[in-house]
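Novice: Sequence:
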Amino acid sequence: MSKSDFGLIGLAVMGQNLVLNVESRGFRASVYNRTTKTMKDFVEANADKNLYGAETLEDFVDSLSQPRKIMMMVQSKAGPDINDRDAVDAVIDSLVPLLDKGDLIIDGGNTYFIHSDRRAAELAEKGLLFIGTGVSGGEEGALKGPSIMPGGPKESWEVIQPVFEAIAAKVNDEPCVTHIGEGGAGHYVKMVHNGIEYGDMQLICEAYQIFKAAGFSTDEMAEIFAQWNEGELESYLIQITSKIFAEKDPETGQPIIDVILDRAGQKGTGRWTIMNAVDNAVVVSTINAAVEARILSALRDQRLAAAPVFDKVKVNIDMPKEELVQKVHDALYASKIISYAQGMDLIKTVGERHEWNLDLAGIAKIWRGGCIIRARFLNRIAEAFGRDGDLTNLMLDPFFTDVLNKNQGAWREIVSLAVTNAIPVPAFSASLGYFDSYRSERLPANLLQAQRDFFGAHTYERLDKPAGEMFHTDWPDVVE
Numbered sequence: 069m070s071k072s073d074f075g076l077i078g079l080a081v082m083g084q085n086l087v088l089n090v091e092s093r094g095f096r097a098s099v100y101n102r103t104t105k106t107m108k109d110f111v112e113a114n115a116d117k118n119l120y121g122a123e124t125l126e127d128f129v130d131s132l133s134q135p136r137k138i139m140m141m142v143q144s145k146a147g148p149d150i151n152d153r154d155a156v157d158a159v160i161d162s163l164v165p166l167l168d169k170g171d172l173i174i175d176g177g178n179t180y181f182i183h184s185d186r187r188a189a190e191l192a193e194k195g196l197l198f199i200g201t202g203v204s205g206g207e208e209g210a211l212k213g214p215s216i217m218p219g220g221p222k223e224s225w226e227v228i229q230p231v232f233e234a235i236a237a238k239v240n241d242e243p244c245v246t247h248i249g250e251g252g253a254g255h256y257v258k259m260v261h262n263g264i265e266y267g268d269m270q271l272i273c274e275a276y277q278i279f280k281a282a283g284f285s286t287d288e289m290a291e292i293f294a295q296w297n298e299g300e301l302e303s304y305l306i307q308i309t310s311k312i313f314a315e316k317d318p319e320t321g322q323p324i325i326d327v328i329l330d331r332a333g334q335k336g337t338g339r340w341t342i343m344n345a346v347d348n349a350v351v352v353s354t355i356n357a358a359v360e361a362r363i364l365s366a367l368r369d370q371r372l373a374a375a376p377v378f379d380k381v382k383v384n385i386d387m388p389k390e391e392l393v394q395k396v397h398d399a400l401y402a403s404k405i406i407s408y409a410q411g412m413d414l415i416k417t418v419g420e421r422h423e424w425n426l427d428l429a430g431i432a433k434i435w436r437g438g439c440i441i442r443a444r445f446l447n448r449i450a451e452a453f454g455r456d457g458d459l460t461n462l463m464l465d466p467f468f469t470d471v472l473n474k475n476q477g478a479w480r481e482i483v484s485l486a487v488t489n490a491i492p493v494p495a496f497s498a499s500l501g502y503f504d505s506y507r508s509e510r511l512p513a514n515l516l517q518a519q520r521d522f523f524g525a526h527t528y529e530r531l532d533k534p535a536g537e538m539f540h541t542d543w544p545d546v547v548e
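Quick note: the sequence shown, position 26, residue 94 per the working numbering, numbers continuous.
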């Protein structure tokens, strides 16, 4: 039997589609799954493909050419605690005795990045290579070409580079994959990608809620989003939103969107992003608002109980539909810029602290195709960081500064309209709040510092004294 070029462990939908992608690019692939029947059913269903199904790990490893390239698509449950161990570690522990020096293990699941650091170090001691790899694009992307974010030792990347470049999405013939950096850089960038995705999705949902409150039909909304996808908002999420609005429920004949329960799920990467942002003192308020919106949606029973308790606000959106559509467009575009600015700021800050030497322009480029957040304006982000690799904040690039200046009037009007009509727009509002805070020469933090000094003698700096010189006021007693 000829040896396989690539091995995959974990035949859930993503794993199946990914290995079919690999095989379609001319590589022979071996597959293994803990449940043998799943493996057999998959191989049988793809009998015309150059696949080998192994019933044991020993047979699986033996079927691979050296250096072995083994990718795991196994669900990770290890969180921010470095001592956490999960199914990924269990699979690695089972593989290690069967491998030879120089063999490569690839973790392709959504893993908290510190565990990729840990696993790379542990395996290096055994002479084995490891690379933590973020894969974005969902089922379709895995099959036809995802965006791939590998992080780990450079020598690990060189082993798998031909395969990953072959299976990745292509934009202008450039594969949407690059070596992100050392250690956990790949999984970290994928985590923040998912955080940005949360922000993108919530902003689109808020635009939908405004249109719905204004009386737009789902067919009208389908047309609006289809038109938007022809312009500067062109993206995968805008495109699928148009298709969602156009879809009818075969059982009731109603628009499918109107029969879907308004309770959102999440897998954890959004929460990881905001937790990590807090740890690193980086503001990601748009992503935070998106995560909180999902959490609030899950409190459906409480929301249903609260709804009749409070006075209703009569919705009065007195604006021509065409004008409203343009202003929501502008508010969405401006808020989207903020979400990406916050995400890139977080990547930049943490990358510098870990000395990953991240190429922000390169990261934006590999997000242009295959992944969930792929969008036309990622070209603009790549250009911005290409012009200035030390750009402090994406908003300060001339292109994005111009967009924000032009759009902020409509942005403010839409947020005001939503608030006046009791339409919750937490991500629109958080984005605008971030923009206004970032651009303010003076914030009320002077009062906050006075308060801290009053109750805790935490001291403060003065405008008229050198930076770093601390002062304390003997405040008057408070009468109880």
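It is worth saying that the hints were derived from the structure and are not from the lab. Treat the hints with care, as some may be off.
What the hints assert, rightly or not - Calculated lysine-lysine pairs in the DSS-like style (CA-CA distance at most 30 Å, straight line): (1) K212 to K105; (2) K280 to K117; (3) K382 to K105; (4) K335 to K316; (5) K194 to K212; (6) K311 to K238; (7) K222 to K71; (8) K238 to K280; (9) K533 to K474; (10) K71 to K117; (11) K238 to K194; (12) K389 to K280; (13) K316 to K212; (14) K222 to K212; (15) K380 to K474.
Novice: Would you mind marking each hint as holding or not holding in the structure?
Specialist: Here is how each hint holds up against the structure:
1. K212 to K105: The hint holds at about 25 Å.
2. K280 to K117: Violated. K280 to K117 sits at ~47 Å, over the 30 Å cutoff.
3. K382 to K105: The given pair, whose Cα atoms are some 58 Å apart, is violated under the 30 Å limit.
4. K335 to K316: holds (28 Å)
5. K194 to K212: Cα-Cα ~35 Å, so violated.
6. K311 to K238: Cα-Cα ~24 Å, so holds.
7. K222 to K71: Holds, because 25 Å separates the two Cα atoms, which is no more than 30 Å.
8. K238 to K280: violated (37 Å)
9. K533 to K474: Judged against 30 Å, a Cα distance of about 38 Å means the pair is violated.
10. K71 to K117: holds (15 Å)
11. K238 to K194: violated (35 Å)
12. K389 to K280: Measuring from Cα to Cα gives roughly 12 Å; hence the hint holds.
13. K316 to K212: holds (27 Å)
14. K222 to K212: holds (26 Å)
15. K380 to K474: Roughly 34 Å between the alpha carbons, so the hint for K380 and K474 is violated.
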